[in-house]
Amino acid sequence: MLEAQHITYHINRKILLDDVSLAVRPGELVAVVGANGAGKSTLLKTFSRELTPTQGLVLLDKKPIRGFSALELARRRAVLAQQNPLAFEFSVYELVMMGRYPHFEGHPRPEDQAIVAYALERTGIARLSGRAVPTLSGGEQQRVHLAKILAQLMDADELNQSGAPIRQPKYLLLDEPTTGLDFYYQHSLLEVASELTRRGYGVIAILHDLNLVMQYADKVLLLKEGKALAFGKPASVLTADSIFKAFHLSVQIIHQPELDGPLIVHTRQTSPVPFPSPI
Amino acid sequence: MQTDLSPLATTQPLPQASRPGLSRSKGWWLNGLLAVLLVVVMIWSVGIGAVSIPIPDVLAILLKQLGWEVGVVEPQQETVLTVIRLPRILLGVLVGAVLGISGAAIQGLFRNPLADPGLIGISSGASVMAVLMIVLQLRVFSDLSSLSGLYALSLAAFAGAVGTTLLVYTLARKNGRTVVSTMLLVGVAINVFCEALRGLMMYLADDAQLRAISYWSLGSLGGASWEVLQVTTPFLLVPVLLMPRLSKPMNAFALGESQAGHLGVDVSKLKRNVVILATLGVGVAVAVSGVIGFIGLVIPHLIRLVSGANHRTVLPGSALLGAIVLTLSDLVARTLVAPAELPIGIITGMIGAPTFLFMLVRGAGRKPYTEN
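Chains as they are written, first to last, in our numbering: chain A, 1 to 279; chain B, 1 to 372.
Rather than coming from a laboratory, the hints here were simulated on the basis of the structure.
Note that CB positions come from ideal geometry on N, CA and C, so glycine has one too.
Treat the hints with caution; some may be incorrect.
What the hints assert, rightly or not - Dumping the calculated DSSO-like pairs for lysine-lysine here, alpha-carbon to alpha-carbon at most 27 Å: (1) A:K227 x A:K245; (2) B:K269 x A:K63; (3) A:K14 x A:K233; (4) A:K245 x A:K63; (5) A:K62 x A:K245; (6) A:K14 x B:K174.
As the list claims (entries may be wrong) - Ranges of calculated distance between the beta carbons of each label pair, as one might list FRET restraints: (7) A:L59 x B:S268: 39 to 47 Å; (8) B:L204 x A:S137: 54 to 62 Å; (9) B:E69 x A:L71: 52 to 60 Å.
Unchecked claim - Covered by chain B, per the in silico footprint, the following chain A stretches (three or more residues, Cβ under 8 Å): (10) 59-68; (11) 78-88.
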């Protein structure tokens, strides 16, 4: 289990996170939602150890995350960042191979090459493998980075016996993973994430599309101004009431028997101000 | 309903990696080719000069040194080759290799393909110390042609390089982290200061000192000898041999510090290692041969244009091409106005600056530094 206990994070007396707790168990896809500036990315960065919380602890398997070496951590969790700067023109193949760096010394082994080839196929970018990453579109680049983190956590057993449960729980931290992706690949990405949870991965994803949360997340944390507003199953957390509290936006929740879950639709009549001033 | 969302049915046999070795084999080819080229260039250029030695005679003399008597060797040619030319060629190879590989490493550190070892004050610090010593006329420097004077000057230059780099590095550290953009800006400021100090020393200098300063700040391999090689080779070889071991973390570093960290790279350790190795290499190179510009900037660029960005190829490739280009530049420097000699920095600058401009226009350096 990967969990954050009572996380508070200050920067220059500004409170970005105020006593937030969140845990993800193997097999779960946990979504984090909230308005811009609600503290979602900050929370994810404490999970990835990029930020040290002012108060509170992040634990992996009940052990403080501080105690892990960078390499141990890299084999247990992978991070899909919101920004992906790239200083030099690496090819798609080389960049995805970087996901395997925590696993080999010197030259990539055959299994590293096989895993990279699988990750390229799985994200639909195999035909781009020789291209320079900066020449790709935003959505294609996002898929390259997704392939990189898939390759980072996978091991040879998973490749050889597809669907078999993994030995040691592993975690994906996704910061707005659907950014730049078209309709098809938004769903494809979350399908990949769900498939991984079935194999025993835990996933935390910051998402903006509440309908994707309804459809794919097992649990959802709703943040507002650094505080946890609600946590639980999407259908019980994402109510018209809580969404109005978090986003100042009136919505209707539509239940259709032929859909997987409820549908959230913004209703313009009851919300005349599209950009409410922040309180 | 959702099965069509998987781009690949997982029951299909595993795809073969479509081009697993693409960049790797290309890199091997390139570096193999460069290594062969370097040997050819060395043998060819060692025979050229005031006393011309045909290649078969060069080979015969070299084999004789190794203990194989092949044909008759002319004593005069043998002396010129073993006493004058060979140490100079070897020094050129080492200095070129260290400048090329350090340039590539520092560009990786700054995540900016236009960065140069000079940027963080290595060359500046080294040359300002040397100029200070020349003008202030400390006793050991009174006779610069003597071996002790040369060593002392080199030592001062090396100390200047280390000192300046540490200063830049320390000033750019904030809360235990090095902010790379600050490091660049501090480097710029220190460079300006060193330049002013050097200007002041040139203002104070007499004619003979001015000559020495200009000769030294434009660079030359004229000081090469077996003794110089003996002292400097270890310091020049260490960065060339150790830096390629950093290629994996340096590749990951191109994704930014936080993402490199996510991939298990100890980022502070990587930065420290690159700075130490580059300071050692370039500091000693500047100390022994003066300021030779543009090798560290242009060479890694050329390698990247051919092989792509993978440091596994770029680092050794930059060492090899740096060695080739400096050997050839020195050949031009010592033959163009023979029996006099041009400072080698003039040659590399004249070739390097237009190449650099050409690269800018072509857009090879279009990506500015981004910090996240």
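What hints, given by number in increasing order, does this structure fail? 3, 4, 5, 7, 10
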